[in-house]
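S.K.: Going down the list, the sequences are from chains A and B.
Just so you know, we're using my numbering here: the first sequence kicks off at 1 and counts up by one.
Just so you know, we're using my numbering here: the second sequence kicks off at 1 and counts up by one.
Be aware that one or more of the hints could be misleading.
As the list claims (entries may be wrong) - Derived DSS-like pairs (lysine-lysine); straight-line CA-CA distance at most 25 Å:
| no. | chain 1 | residue 1 | chain 2 | residue 2 |
| --- | --- | --- | --- | --- |
| 1 | B | 71 | A | 57 |
| 2 | B | 54 | B | 71 |
| 3 | B | 54 | B | 111 |
| 4 | B | 5 | B | 56 |
| 5 | A | 57 | B | 56 |
| 6 | B | 56 | B | 68 |
Said to hold, decoys possible - Partial list, computed: chain B residues near chain A (C-beta under 7 Å):
| no. | residue |
| --- | --- |
| 7 | 31 |
| 8 | 32 |
| 9 | 44 |
| 10 | 60 |
| 11 | 70 |
| 12 | 93 |
| 13 | 99 |
| 14 | 102 |
| 15 | 104 |
| 16 | 105 |
For the record, the hints were derived by calculation from the structure and aren't laboratory data.
Don't be surprised by glycine CBs; every beta carbon is placed ideally from N, CA and C.
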Amino acid sequence: KAGVTQTPRYLIKTRGQQVTLSCSPISGHRSVSWYQQTPGQGLQFLFEYFSETQRNKGNFPGRFSGRQFSNSRSEMNVSTLELGDSALYLCASRNRDNIEAFFGQGTRLTVV
Amino acid sequence: DQQVKQNSPSLSVQEGRISILNCDYTNSMFDYFLWYKKYPAEGPTFLISISSIKDKNEDGRFTVFLNKSAKHLSLHIVPSQPGDSAVYFCAASAGNNNDMRFGAGTRLTVKP
Chain A
1 KAGVTQTPRY
11 LIKTRGQQVT
21 LSCSPISGHR
31 SVSWYQQTPG
41 QGLQFLFEYF
51 SETQRNKGNF
61 PGRFSGRQFS
71 NSRSEMNVST
81 LELGDSALYL
91 CASRNRDNIE
101 AFFGQGTRLT
111 VV
Chain B
1 DQQVKQNSPS
11 LSVQEGRISI
21 LNCDYTNSMF
31 DYFLWYKKYP
41 AEGPTFLISI
51 SSIKDKNEDG
61 RFTVFLNKSA
71 KHLSLHIVPS
81 QPGDSAVYFC
91 AASAGNNNDM
101 RFGAGTRLTV
111 KP
């Protein structure tokens, strides 16, 4: 069974641009969560999608948005990029009956 | 809102000795706790978990202890091995439909 796949692995963008990150969950997993990891801050929860609906949301500005498709694949979009958005963005999927989540390798975003 | 706290950013132990990683939480609604391990350039991988109805869970060299009254949990690794060197994240969840909140992580270094 394939794991969680995130694309692209690395991305460099200019301040003010927007970016879209993609996550394909483990087959059969309908919950997809997104996290931002920065040094010293751990993993900050962005949002969770389940069956194409946003179920939970963290404390991030509206520039951060996401969506989930009928095949459970999810995208995360960040508009008007700021230097502080440089981080590792991690996606995790889980089976509805389990709390344990499985993570992808992440997308390293650098804003210059 | 840092509901899950790992106050030690780093820990260094000698191979063969015990490693104790600590985690505190503030939200009394958390009822499930997990530890994840992360190597550089990889996503976090699930290590061990504990439900709030238990105070101890053991899996091989890894044991997690939960003290609900103190809102504190710890991960014990015995004996520690150089391959255990990684960043360890504590996570907590409130109910099956709520997502996990993570601590900032503790970098464990096991010296040969």
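S.K.: Run the structure past the numbered hints and jot down the numbers of the failing ones, going up.
M.R.: 3, 5, 7, 10 and 11
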